[in-house]
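Dock chains B and C against chain A, hints included.
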Amino acid sequence: MTVSYEEWEPVIGLEVHAQLKTRSKIFASSPNRFGDEPNTNIEINDTGQPGALPVLNKEAVDLAIRFGCGVHAKVATFSKFDRKSYFYPDSPRNFQITQFDMPIIIGGEIVADVEGKTKTFPLHHAHLEDDAGMLKHFSDFAGVDYNRAGVPLLEIVSEPCMFSPKDAVAYATTLRAILEYLGVSDCNMEEGSMRIDTNVSVRPKGDKTLRNKVEIKNLNSFAHMEMGIEAEIRRQIQAYSKRPHEDPRLVVPSATVRLDIDKKETILMRSKEEAKDYRYFPEPDLPPIILTTDYIEKIRKDLPELPHERFKRYTEKLKLSAYNASILVNDKSLSDYFEEALKFSSHAGALCNWITVEFVGRFKDSEIDLTTSGILPEHIAKLVTFIDNKKITGRIGKEVADVMVQKPGKDPEIIIKENPNFQAVHDTSAIEPFVDEVLSAHPQSVEDFRNGKDKAFNFLVGQVMKLSQGKASPDVVKELLIKKMLPGK
Amino acid sequence: MYKKTASQLHQAFLEGNLTASEIASGFLQRIQFLDEEVKAFLNVFADRVMEKAEKLDGKRAAGQPLGKLAGIPIAIKDNIQVRGEITTCASKFLSNYVAPFDATAIRLIEEEDGLIIGKTNLDEFAMGSSTEHSAYQITKNPWNLSYAPGGSSGGSAACVSARLAPISLGSDTGGSIRQPAAFTGTVGFKPTYGRISRYGLVAFGSSLDQIGPFANSVKDIALMMEVMGKPCDRDATNIKKTSEPYLDHLEGSIQGKKVGVPWGFLEGLSKKERSIFEKNLEVFKQAGAQIVDIDLSLLKYSIPTYYILSTAEASTNLARFDGIRYGKRSEKARTLDEIYDMSREEGFGAEVKQRILLGTFVLSSGYQDAYYKKAQKVRSLIIQEYKKGFEKCDIVAMPTTPTPAFEIGGIQDPLEMYLQDLYTVSANLAGLPAISLPTGKDEEDLPHALQLLGPQMDDGKVLHFAYQFEKTLKLTGFIPPLFDKETPS
Amino acid sequence: MEEFDKDTLIQLARLCRINCTDKELEILLKNLQSILGYMDQLREVNTENVPVCNHVSEAIESFMREDEPSASLDPETFLKNSPSRVGRMVRVPTVIKF
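Chains as they are written, first to last, in the working numbering: chain A, 1 to 489; chain B, 490 to 978; chain C, 979 to 1076.
Chain A with its partners taken away, still in its complex shape (with noise of 0.2 angstroms):
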């Protein structure tokens, strides 16, 4: 049987769960807090006790709006709770407080680059919710920890509008930038304060019907997500492929899979048929959130900078490069590590290399990054300053740098001048005879030179430097060069 791949068009929408940056949780005023011993953040309301009632935490709603805002979606001035029932021990009422029917956020869309093109993503909705406890298993028994119970979610759920892994991957990389720049979730999947659920299916190219769509659930990071959507698209084409002529709906029936990672294929859990009844019902405890058009515009007047805006400015007011404004922007806290170094030193483009490259790149076998290793963005600003005005050499910047890093917060204006071997040496006494050396062992460079030939200059910089072991101070090398293969000029 020979599977024809290019003949299949494979649809994606993605569900994310982004836990909300609030101090205390939805509706329960219990700490906000990952990581803390097992039911130390709970209060009456979070292990559902008799007699417990929910109450709406503003600061969730603010973050929703300022969401909504974010990605030009319509802010419902009127939207309400529900009921949604289901047993399980991480649960603490057996029903879940979610929004139904009237969300908060409706519409919206997300703009990523996908491989050099743009491409609009549009959003069905978001909405709020709290989430549930965790359980912990243990051989034949499970904890279960109720810290994370009542944790606010918004759920943001996009269209089925996806048409490959890459743009799935795409849109995921630039919802969490959305979220971390508007300050509304921290997006750290290992934590779990960002969870997504991505729904696939296939239909032949052309085709605008849509057919059963297969939910592939504990993708635990952008790389296993895009595994996991190449394995479930391979493995819905080949069922296709397999049985032609049956009815599609049995050929590939709505599931609910998971990622094996080793096999890289799909693996079912469960399938819909067994679909619940959540006999969702709206909330009696819980009045409606009504918001009014000011209060909506006063928060998306605040917004702060969008990565999308972000970017801009890079690409247009700094001209760096798209790919290295991409970098930036894609990473908040190195992007805000480089704003802050941006106050001390304008030049926009060393900066950007020698944070991306250089200093992040000494951290990439440690277990720290750059931004929280303890060294200054101010330091950073201060090397390329020192660069700029030709204090040293990039050579010795880059063994500045090392220092930097073993020593995270020392001034590099002291490392340099504690160690002389970092200062560039301008004396024309002991750079002359490095100059000398280099003119009479190359005579031909020198003729190539008088002659016109500027890469022969160049070479021959290059050597002195070499001679005087990166020290010399480039622009008295080529001022002594110059003075002797054209004296008078």
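Lysine-lysine pairs mimicking BS3-like chemistry, simulated, CA-CA at most 30 angstroms apart:
1) B/K581 x C/K1001
2) C/K984 x B/K862
3) A/K80 x B/K719
4) C/K984 x B/K581
5) A/K84 x B/K729
6) A/K276 x C/K984
7) C/K1058 x B/K821
8) A/K84 x B/K842
9) A/K80 x B/K876
10) A/K84 x B/K866
11) A/K391 x A/K453
12) A/K276 x B/K821
13) B/K789 x C/K1008
14) B/K821 x C/K984
15) B/K729 x A/K21
16) B/K729 x A/K58
17) B/K930 x B/K960
18) C/K1058 x B/K581
19) A/K298 x B/K729
20) B/K581 x A/K84
21) C/K1001 x A/K276
22) B/K729 x A/K80
23) B/K866 x A/K276
24) B/K842 x C/K1001
25) A/K58 x B/K719
26) C/K1008 x B/K866
27) A/K84 x B/K862
28) A/K84 x C/K984
In case anyone wonders, no lab produced these hints; they're calculated from the structure.
Chains B and C only, in chain A's frame:
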């Protein structure tokens, strides 16, 4: 002392004629001797109340300021959380459940130096109209021990009726305060929905429940309402303005005011009940008010509307009782499914199971539109119906119940039992304040009563009319003969 | 109500985790059929264009609280009521989550 109202006891305490310890021990003694017959109490806080009483006596001796409820023993329906004490909700599920927090109403009572004397019996989880569905004991009607005291707050009603405490708290979802008040010849008041915080009241029908007081005089009711009618930040459905001072508005003639009677709706009344009702209306005429006919014919649909909505909400409110976090976990259970199924099987009584099933059904997919949503619409119509009615009158008068108290075991058919609430449920559906007042006793020496309802937020008006009625009727010494005696010291 | 038969009841019981013996099922079936039959009279009411009532109180519009974290409930107070615990967590038999 037992003949004194709460206000009189409070006065006696303030003036030094009775100490708090004398009051507390006096009532404890009555409970010890007489509650064997009534079985109103599930738990008596002998040590706790004596300790608080002694402290209060100390406060008075030291000249410190004293609360509005100082010296008054108050019994609490056992579905209201009192921190550190067991809350059973009259269910086997919670026989060992220790309350981790105080209900707001409890906190407000104790801030005003009220003396909480114990927990009273109820129908399990407040579901019932006779207190026969308690998993622990059957409470008797002090007027005739073979008769039911009504429900679900039967224990609280019987306790005040037999003078085992001058005040008690109940909860009213469909008449659970007013109906037992009518059966036991006491005053029972259900406030406007949201007037008293529901935080700490174990939820049955979230959009219908209210805590309310029982007493033997309207003045006592007004006193309790002043103490408890306060804003609470832990209940989002609670009214955020403090109530007006009800005690100040009890006096004042009702000359010329209009009392509305829905004669059409009352067509089903027996001749005997109708004549009692008409005699009661004469009292209003005596006080100078006019009786006007109003049309509330839609109220005939209030029972199905109420039972659909209340059981739907209850089915989700009781989902938290699953044997996981607290309450009874079946010892036979080995798997998670068994924990859910067996704990709920063993923990819940038949009436609770029935209502949960009914509530789940009316919310389930395929039936929600025809039942739940339909009932929600009829509810809107009932609210409008009352609004129209109040355009023609100041207050509405109706009997509280279609019949007086019935024998224990006398009603077996569930529908017949549900129809007991015919005149009471609509006040919950419309969120209106409503009171039941004792109006005398019939030839069988069973009490009869009158119900008054007002528009939302007009609790003061209802209390005013009730007080004027009480004043005009002059029903004195209305104590069940079996309990109209001192107990040996 | 004709559609409400034993199978409906059994499915319903599974959905809301109310386990019943056969005898209980019989009684419940009878009662629920009777009650639901009575409820059906709501069909007589004309509710065209009538809005649903989600919240009855006219005095309550919208209510939110400030994002101020409170102290946590003491874990021991919470766990004191637990039927079974492991360390500071509530203990349950193994589950496989989907």
